[in-house]
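Q: One letter stands for each residue in the lines below.
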Amino acid sequence: MNTQFWVIQAFNGISYGALLFLVGSGVSLIFGVMRIVNLSHGAYFLWGGYIALSVINATGSWALSLPVAALAVAVIGMAMERVFLRPLGFDPLRQLLLTVGFAFLFQQGALDIWGGNNMDITPPATLTQSVVIGGIYFPAYRMFMIVLALVIGVALWLAMEKTRMGAAVRATVDDAQMARGVGIDTNRISMFIFALGAFLAALGGVIGGAFLGIYPGLDFEMLPLAFAVVIIGGLGSLGGAAIGALAVGLADNFGKALFPEISYFTLYAPMVLILAVKPTGLFGRQ
Amino acid sequence: MTNKLQKILLGSCLALGLAAAAPAGAEELRIGYIASSTGIYAQVGKDMVDGFQMYLDEHGGKLGGADVKFIVEDDQGKPDTSVTKAKKLILQDKVHMIIGGFLAPTGYALAPVSTAEKTLYISSVSSADDLTQRQLVKYPYFMRTSYTSSLPTHPLGQWACEQGYKKIVTIGADYAFGYESVGGFQKAFEDCGGKVIQKIWPPLGTKDFGPYIPTIKGDIDAVFSLMVGPMSLQFPKQLRASGYKKPIIGGGTSYDEFALPFMGDEVIGDVSALHYSAAIDTPANQTFVKAYRAKYGKVPSYYSENNYTTAMWLDAAIKKAGGKYPGPEAFIKIMQSIKLDAPRGPVELDDMRNPIENVYIKKVEKKKMFGYDKDELWNTVIKTYPKVSQFWTYGKEKFLAQPVYDRDFPPCKFCE
Amino acid sequence: MVSQQIKIAMVAAALVAFAYIVPHSGSFVVLLATRAMAFAILAMSVDLLLGYTGLASMGQAAYFGVGAYLTAILAAKFHFGLGWDFWLVVLLGILIGAALAALFGLFAIRAGGDYFLMITLALGQCAWGLAYRWNSLTGGDNGINLNARPSFGLDLGNQVTFFYLVFAFFAVSMVLMYVLVRSPFGRSLTGIRERELRMQILGYNTWLHKYIAFIIAGGFGGLAGVLWAHTNGHVSPETVVLTTSVDALLMVVLGGAGTLVGATIGTAIVFGLREYLSTLVPWWQYMLGGVYVLTILYLPMGLMGIPSRLRQRIASQGKSEGSKRLATKPS
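Protein chains in written order, with this note's numbering: chain A, 1 to 286; chain B, 287 to 702; chain C, 703 to 1033.
The following block holds chain A by itself, in its conformation from the complex (with noise of 0.2 Å):
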């Protein structure tokens, strides 16, 4: 075990903790603005990843499909937010067990439309190349991941802290009542917020399909990861939500490396204990 093994473990957990910080990210912010566990999240990630398929096998252009998929997903969560969920009014477990639905109804969609068989996605040669730093090769792509997920927490923490709209968030997110009272409009909020929450989960499934692939099952794969991250993070909190990514990308990682045998231990067991310390997570507010 040199520091070779440490560099390069914990690069590549940061690195899968950064994929995991978009998938997070949305549940997170999903559930401080409105309280919706939101287990359609999944389906977005799978979504976004077939989307791009699509659009790479019509036009050829990775770069396009990035945009393409996380908007079509958008719409789709949007309008999902619109038409079935906001009719619930405030009712979490209602709420939750809706979205399991169409969680079945998107796995079966997308089997009907892509099919099941494992595809991959290709990502631009530069992109699939190495940097070689002492000996130590880096994954271009890997970079990339880390890169991204950096810019769009930073996008993500500036449009909360520093415009009209961040502020109303957070007002709703402390307390959605007294946001009302104050004139916010929450139901805009919260159909921004679940599409943009879609929207993250989407861009994730586009990168994360040249990195773990696309094909059926995956979004019930994501699922309860997305969830560690948030758990570990607390519910609500993007800062939360960046650091649970980061934890569970590298207990997830040193765990598989370091205790192969108990390695799923090494995910959930850190998740119970902390939560059974502060069951709002580490940055959760009740």
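Misleading hints may appear alongside valid ones.
[As the list claims (entries may be wrong)] Sample of chain B residues facing chain A (criterion: CB under 7 Å; computed from the structure):
(1) Q329
(2) L490
(3) D494
(4) G496
(5) T501
(6) L519
(7) A527
(8) G529
(9) P533
(10) F548
I should point out that these hints are in silico values taken from the structure, not numbers from a laboratory. For each residue, glycine too, the CB sits at the ideal point set by N, CA and C.
Got chain A; can you put chains B and C on it based on the hints?
A: Relative to the frame of chain A, chains B and C by itself:
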């Protein structure tokens, strides 16, 4: 009120449906087929059914002169459900035999059903070793037309040793199919003088190999991989991106035709072993591949070939039985007496009801094949081990005296 | 309003009719009904938590799983539980389910609402991870086969005999849970569901109440697991996956939370769609998803809410017609 009505309605509904669906034609052969058509293995299920159906279509829906009633049931990728559906096929549709089942646990779950219901079960894909080895005595109505997991990896171990590889690291999916495939490879490779110096077991479904790749020891001659499903696409890509430049060899599912069309050029040159390759250059296989591709728009994987061959096998057996199904014991005897020329090559059953078949050592190449005009990835056959049995060269008694291949068997005596 | 006695009589009559009709309707239906009843015990245990205590558990498959694995491991490795000792396995199954719940409850109960849901999800995943990776004990991915059902005078290998056994367990479980929710303890659970703070002020130890309910539900989950193992003759990690827990929760909401009968009806419908409709049509998956979505959207009380909704409708229609008449009269 609602409750009572619903119960009664449901009950009588079920009863009516039942009465409607139990005709017992005398001369028809009723085949129940278990495959996934929903859930995450739906595509595998479709490929399996397509292979069987294609043979039926080519032969006017008849096998050996009998009209075939081919009933497909969806097991939703769950072993429990496969049991329920198999019972539905047996009890309600009165099928003569059950075919199919993809996952090893499905095979393990269906075999006892065949015993309990005294109905033939032909495993046409599932490859769990022990079903036709130490556990066969429990399942008198069970037979297999596919392969045992270790059947193709024994020859690959021998082949790797003959290439002069001395030290190999294995990395295989952490479940029974992985243990059996890796075990067969290790046994044959080490018996020939090679050394497996490290065994890595990523969980089934791993896509991020980041944690595992850096632990692979340096100073080796090759890596042996056993990947399944989506794992296959990611492992070679990530291993190469980590700077690894030596050969990668693998079990069949690491590079089969189910995965190959979605792989990148970095897998060119990688070697794997299986009882089928779509690129076997024989007229019989060429005809099969072209017909299948024209019909279903994709190159057949072994899932399809195995089921096409199963139908072909049944055709010959029913013909030999005079156009009628003679009951499970007699039918198994007839199946055992048939030597078949399938797309995969010559195939016959051993006395433990598992196929003796060719194993192909295959290298991924990018080329044009069978007159198709595009350059594509194909599993070119570079060496054929003819008529390989599940006991390889060890002999049945000696082989069965050792335990079934497992995570720690054979033990890793050269691991550091 | 239909009185409670009439309701009970209706349920009893339905059960008797069910037990009479099913064995006469073909072996596949018998098998399906047996499976549905074993699973219905799990669904009712979820209802105990969700409907009567207000706790949405996403990890109920864990108790189901330990019950099933216990049965399979004892039978396959020790040939235990295949004769009269079957009853001992039933007892052990209930105890191990309850014991696991007692352990998990320590982590889960102090969290409320959505956090309870999350933590039970995580705990359920831990149980799944064990079933999947603890190869030497669970057979990992291959699972464990039970080659025969118990036989003790009664031969449970007979499908109809086994149906009646599971039916008996199912009916007894339903009665026991019914008695429980009607007991003073059950009423204080409902009180906690409605107004936890108020109950605390009144001096109730709400944590302990919820903890005990959680353990009882775990015990029933373990029992369901024992029966499930023998129904299928095979136990694999698929038994313990997240979707098993989610399924149970959905069945409860579909039928109507807070009514044990509703949980049963929900189970019957899901099994009917998934295992019977799927033998008839390929689009059953959309049907199932559609049923979930529509029920949740339009029937907040589940299917059991239909009668009261109808009554409401008739009542409101009568009212509006009446007011119309009133309005038209003066002119």
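Q: Would the hint on Q329/B stand, with a C-beta cut-off of 7 Å toward chain A?
A: 3 Å, holds
Q: Does the closest beta carbon of chain A sit nearer than 7 Å to the beta carbon of L519/B?
A: Status holds, d = 5 Å.
Q: Are D494/B and chain A close enough, Cβ to Cβ, to be under 7 Å, as the hint says?
A: Cβ of D494/B sits 5 Å from chain A, so the hint holds.
Q: Would the stated hint for L490/B survive a check requiring a Cβ distance to chain A of less than 7 Å?
A: Since chain A brings no Cβ nearer than about 11 Å to L490/B, farther than 7 Å, the hint is violated.
Q: Against chain A, is G529/B within 7 Å by beta-carbon distance?
A: 4 Å, holds
Q: With 7 Å as the cut and Cβ atoms as the points, is F548/B at the interface with chain A?
A: Holds - the Cβ of F548/B comes within 7 Å of chain A, reaching about 5 Å at its closest.
Q: Close enough to count: is the Cβ of A527/B nearer than 7 Å to one in chain A?
A: 4 Å, holds
Q: For the restraint on T501/B, tell me whether the closest CB of chain A is nearer than 7 Å.
A: 6 Å, holds
Q: Given G496/B as an interface hint, is the shortest Cβ-Cβ distance to chain A below 7 Å?
A: 3 Å, holds
Q: Do the numbers back the hint for P533/B, that is, is its least Cβ distance to chain A under 7 Å?
A: Hint on P533/B: violated, closest Cβ of chain A at ~18 Å, above 7 Å.
The structure does not agree with the numbered hints 2, 9 stated previously, though it agrees with the rest.
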